[in-house]
Amino acid sequence: MSTDHQSCHRRISALNRRDFLRQAGGGLGLLALASLLNQQGLLAAEPGPVSANPLAPKPPHFRARAKSVIWLFMEGGPSAVDTFDPKPELTKFDGRQPAIPIHTHFGSPGPLMKSPFTFAQYGQSGTWVCDQLPHLASVADELCILKSCWAESPNHVTALLQMNTGHIRTGFPSMGSWLTYGLGTENANLPGFVVLQNAKGTKGGSPNWGAGFLPNSYQATPFRAAGSPILNLHAPEGVTADSQRAMLDFAGGMNRRHLAAHPGNDPLQARIQSYELAFAMQTAASDAAELAGESEATKTLYGLDQEVTSSFGRKCLTARRLVERGVRFVQVYCDDEWDAHNSIVDNHRARCAETDRGAAALIKDLKQRGMLEDTLVIWGGEFGRMPVSESGHGRDHNPEGFLMWMAGGGVKGGMSYGATDEIGWRAADRRISVPDLHATILHTLGLDHEKLTYTHNGRKFRLTDVSGTVLHDILA
Amino acid sequence: MALALAAAAHGAGTVDFVRDVRPLLEKHCFSCHGPEKQKGGLRLDNRHDAFVPGESNEKAIIPHAPDKSLLMELVQSEDESERMPQKAKALAVTEIDLLRRWIEEGASWPEDGQLVATGKREMIVTSKDKEFWAYRPLHRPALPTVRNWAWVRNPIDRFVLARLELAGRSPAPEASAAVRERRLSYALVGLPPDPAVPATVEQLLARPGYGEHWARQWLDVARYADSEGYEGDRDRKESWRYRDFVIQAFNDDLPFDRFVRWQVAGDELAPADPRALIATGFLAIGPYLEIQVTETAEYRERARYDQLDDQVATTASAFLGLTVGCARCHDHKYDPIPTRDYYAMAAAFAGGERGNFPFPRAEFARDRFLTRAREQWIETRMVELAVPESEKELFRYPLNGANNTQRIAWEKMGDKLKPTEAMVRESLSADQARVLAELDAQCASASAQDKALSWRDRTGEVAPNWLLVRGDALRKAEPQSLQFLQVLTHSRSATNYLAEARQRLQLPETSGQRAALALWLTDVDEGAGALLARVIVNRLWQGHFGEGLVRTPNDFGIQGEPPSNPELLEWLAAELVGSGWSLKHIQRLIVDSATWRQGDAHEGDERLLSGRRPQRLEADAIRDALLSVSGRLQPQVGGPAFRPFIPAEAIATRSRDKYPTDIVDGPDVWRRSIYYFMKRSVRMPLAEVFDAPDSTTSSGRRIQTTVPTQQLALLNDDFVRARARDFAGRLEHARLEVEARVRLGFELALGREPSAEELADSCDYIAGASLTDWCHAIFTLNEFIYVD
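So the sequence lines, in the order shown, correspond to chains P and X.
Just so we're aligned: 283 in the working numbering is position 283 of the first sequence, and the numbers increase by one with no gaps anywhere.
Just so we're aligned: 134 in the working numbering is position 134 of the second sequence, and the numbers increase by one with no gaps anywhere.
Bound conformation, chain P alone (with noise of 0.2 Å):
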């Protein structure tokens, strides 16, 4: 079974390489390179070890259910109490102190704090959503909240790099770099994980997206949603499209020369390759990026008419287009918090009227053109916030209980999975930890995550370390 799929991949993935080369470019230069690169049996061995490719495609594992995932990063630290999971006990003692001590990360927790928002069940699943977020309710039955989630660390960036590469330390490769190192690119044209980014920066920065001790070809490419998408990816002043292909056939000429010079030499043939996949990437990238060529229906569903709603829909959509395109991991950062330290209403009503409407339009418009079923989405931050209040109105950081949801991607829709206690402070009913849903996110892709594994300084490193379950009851 496994080595039918293997060897079925491959076929295609040759197959898509030559339909580039023949299409890309077009020029007589191109076509010599495709002749040479075909003498040379580097496009017959693809994926073997005559490439030297890092980002080929590889076979996954096992089946897989999804081919790519879209991680709606909600940074900050959302609440659970405040979005998917209302709690009548918290509601029924607001203003009383906590039987037990509640230590919060700034000190001085005050009272137990009801959600000031309503909520209601919807869709056949009934399932509870905040007044807040009215459009996700709309798809309720796509989402699968997992509502047991726990994490090691109450700090920020800490939190985040344990939610991205599994270790609160930095220096280890993130989630996205371990998917890219274990299954390559569909795509040669386009990186195979990008990030469009926290337009005020992530806290932390690259490390949540880096590649640690992985090559660096396996990092994340920042992607933006306006302007020229991707760093370097457009001619400096004074080149134009004609003059670079001109350069670049005068190069490939010496290239050619110097290659013939230093036969089987896979690094420089290599290299030959790759400069008309950068030729061709500017073209590809600035496609993925351009958002004109969308119907004005696909452009009001994701909210570009609004400008609350403009900025996290465009990368939305972006995201859809780049995994259209077959970008393997695409991280969608919201461009303010939810750290909610002052105020839950103020800080969340934002957040939610901000995000609401892209997270939303993203399931229905990849569930619409048939690709929400191979298609992960996963909701979430690096962690939730405290049952308790701080300085009056607000709420703190809490790890030890929080939710993220899951949609599409083999994963049962309409489900919830575990519980936090009756107040909504600690995971209680099956806990979830970081690992396990690492361990998860990279089972749905065909990876068993006790073998992704990669060996640095001695020793055989996982994304989940020494620990991660996957959650098979949400699978579909």
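Warning: the hint list may mix true and false statements.
Cut-off 25 Å, straight-line C-alpha distance, at most; resulting in silico cross-link-like pairs (DSS-like, lysine-lysine) [said to hold, decoys possible]:
#1 P/Lys460 to X/Lys130
#2 P/Lys460 to P/Lys58
#3 X/Lys333 to P/Lys451
#4 X/Lys237 to X/Lys658
#5 P/Lys200 to X/Lys658
Here are a few chain X residues that sit away from chain P, every Cβ distance over 10 Å (derived from the structure) [what the hints assert, rightly or not]:
#6 Asn46
#7 Phe51
#8 Asp97
#9 Leu289
#10 Leu385
#11 Ser491
#12 Gly638
#13 Leu712
#14 Arg721
#15 Glu783
Just so you know, these hints were derived from the structure itself, not from any lab.
Positions of the beta carbon are idealized from the N, C-alpha and C atoms, including for glycine.
Got chain P sorted already, so can you dock chain X onto it with the hints?
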């Protein structure tokens, strides 16, 4: 329960089974009374069997009764036929005494050899473990005999050729003089050769560029950067002094053993030498998570152990090519490194502090004295002001202004807990005042108040240190004193080194533990020195050949790759030690060898070192080559880092110190790449895309990738285009004819003459495009970024 037991057994002066007794039993008894043989029915390698009578029906060990224990009788017997161990030297008097005291004290033997910290049977490091090639004592292999004597230029070649001849292969023909010149220049100074001024090996080794080039490798190994990392990612204004120390050390050919000792304990071993104080930056330059004082005590303690881990792991990786980090939570799975060894090594750093400390000796000492006095002042005042215990922590840390809780607490206190230096001075006892007066007198004659990011012990007292349960900072299993890796410890223990260190130092204000570690690290005969030498000669080899004789430079353990030519590695290590640890001596040997001078590799296994493969330049060398070829490279050596231009869209950071966005392309940024400001949260795109490591952990080797974003950088980056314009300007200025410009361009960028075809193609291309485009095209060539 188990915890209480362990603590009780570890009182002062008591004999510790694991530390003192088991090694002794292992050394003398296990071979006949262990897992393989149980002569006389006696087995001494586990608790259960050791207390069961053997065939003689007498108990070998009777707790509290050494005189009734058969073991004591037999090891002390005058009758050689009866005395244990049989057919071997009798135990030393000290060893017998140790056994006796141990039995007297109750012969405590932890349950089944179980270690509280791991809940598992504690790993025993055996003499067999010490036989692994990397851990063995250094020996100097005899030079092998070869047939093709004519090829041999120096001993390296005999080791290489012997292997080749054994495999029925021959070396590749020598590379052309032009190829060798370009290779030599890149290998020694990291720059293309200047065609106008050919340089010899000695001239290149004498250039500042030698240290500037070779420091790069060591700074990768030492996870060097100029900011703290994590969210705050504050800039470190004094980190560059460590970088300059490394460059200078290479240029001065500072003996490598001293280079190592100073990085671990320069402040203790050579306090009068500013370089030695600066060298301890090695321990301080790792990423640092700024800990808010309002974090819980648990969180702070965990963060402290993460810091210790950075130091222990980096020390082991950088100097010994060993991965001890695994042992933080459990005994190493593959290498004979028990968890105990990890925490025993951590003891060296447990009582230290990082900071920007003045490095003239007297001021360094005065700074430490005043820092402690200030802390004491605050503690005393807090008692007087009745500050509640729960709030004291807020005032122990300097006010960093980042946190409301702390700020409010400070404001509430007014200036009551902010002593000026004068107030601290007034509070001193008469004795303390005398010490300070002496330090003041010394400082009066010292020079400027220069500071460096460095490391020092807080006080002369040994700080408490613990063995943790599964690496959990909140579960302290038992106290753990300073020890070194058992597998690299021979007849001298940490106690011996510490005694030697203290005797040499005569410095009461520092514990001497790091000095002891430094002495052990560089002790070739009794400590880790043999491995230290193997690891560094391998790094040098890798710098020339792209991969080391051991291809896993940071892992010389069992999971690492064995050396492709073990005798050569061993000989080079012995040669290094024999030369007084001169790295330049090894460099000379390598570049002078016929092995190094070979041309393109034969088809087949280049691990045999038959020929060479073209090597891609590393990120720094690519940037430096662009500057050098375009005639823009600034010669300024050392000093504070410059900040290269980084497009605003590549700067996504919450760092408290913003990265400037208004940097202009000019002489300030045309310096060598070793001097660019390495900000952990804002990586320089050109370096990042060409595989520069992320400087969070020790990197022994840059992985080389080929991805389209590298090509996008060479095609589209403004810096590259600007250098192409400069290169064109340089050629236009130097030559009138297009053909002559092309010839000079080839010479400068590729170190060779163009062929007739290349000349014609180039002229055609220039006619249709521009000289700038041609220069830019040259920068995108494989030949430009690869060295044959």
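Checklist entry - Are the Cα positions of P/Lys460 and X/Lys130 separated by 25 Å at most? => result Given that 25 Å is the threshold and the Cα spacing comes to 23 Å, the pair holds.
Next on the checklist: If we take the beta carbon of X/Ser491, is the closest beta carbon in chain P still more than 10 Å away?
Outcome noted: Holds, because the least Cβ-Cβ distance between X/Ser491 and chain P comes to about 27 Å, which exceeds 10 Å.
Next on the checklist: If we take the beta carbon of X/Leu385, is the closest beta carbon in chain P still more than 10 Å away?
Outcome noted: 21 Å, holds
Checklist entry - For the pair supplied as a hint, P/Lys460 and P/Lys58, is the alpha-carbon distance within the 25 Å limit? => result 20 Å, holds
Item to check | Non-interface claim for X/Leu289 versus chain P (Cβ beyond 10 Å) | outcome: Violated: least Cβ distance 7 Å, not greater than 10 Å.
Checklist entry - Can we trust that X/Gly638 is non-interface, i.e. its beta-carbon lies farther than 10 Å from all of chain P? => result X/Gly638 clear of chain P: closest Cβ-Cβ about 28 Å, beyond 10 Å.
Checklist entry - Straight-line Cα separation of P/Lys200 and X/Lys658 no greater than 25 Å? => result The given pair, whose Cα atoms are some 12 Å apart, holds under the 25 Å limit.
Checklist entry - Is the Cβ of X/Leu712 farther than 10 Å from every Cβ of chain P? => result Violated, because the least Cβ-Cβ distance between X/Leu712 and chain P comes to about 4 Å, which does not exceed 10 Å.
Checklist entry - Per the stated criterion, does the least C-beta distance between X/Asn46 and chain P lie above 10 Å, as a non-interface residue requires? => result 27 Å, holds
Next on the checklist: A cut-off of 10 Å on Cβ-Cβ distance, and X/Glu783 was said to be off the interface with chain P. Does that hold?
Outcome noted: 5 Å, violated
Item to check | Non-interface claim for X/Asp97 versus chain P (Cβ beyond 10 Å) | outcome: At roughly 40 Å from the nearest Cβ of chain P, X/Asp97 sits farther out than 10 Å, so the non-interface label holds.
Checklist entry - Minimum Cβ separation between X/Phe51 and chain P greater than 10 Å? => result The claim holds: X/Phe51 sits with its nearest Cβ about 35 Å from chain P, beyond 10 Å.
The structure fails hints 9, 13, 14, 15 (numbered hints given earlier, in ascending order).
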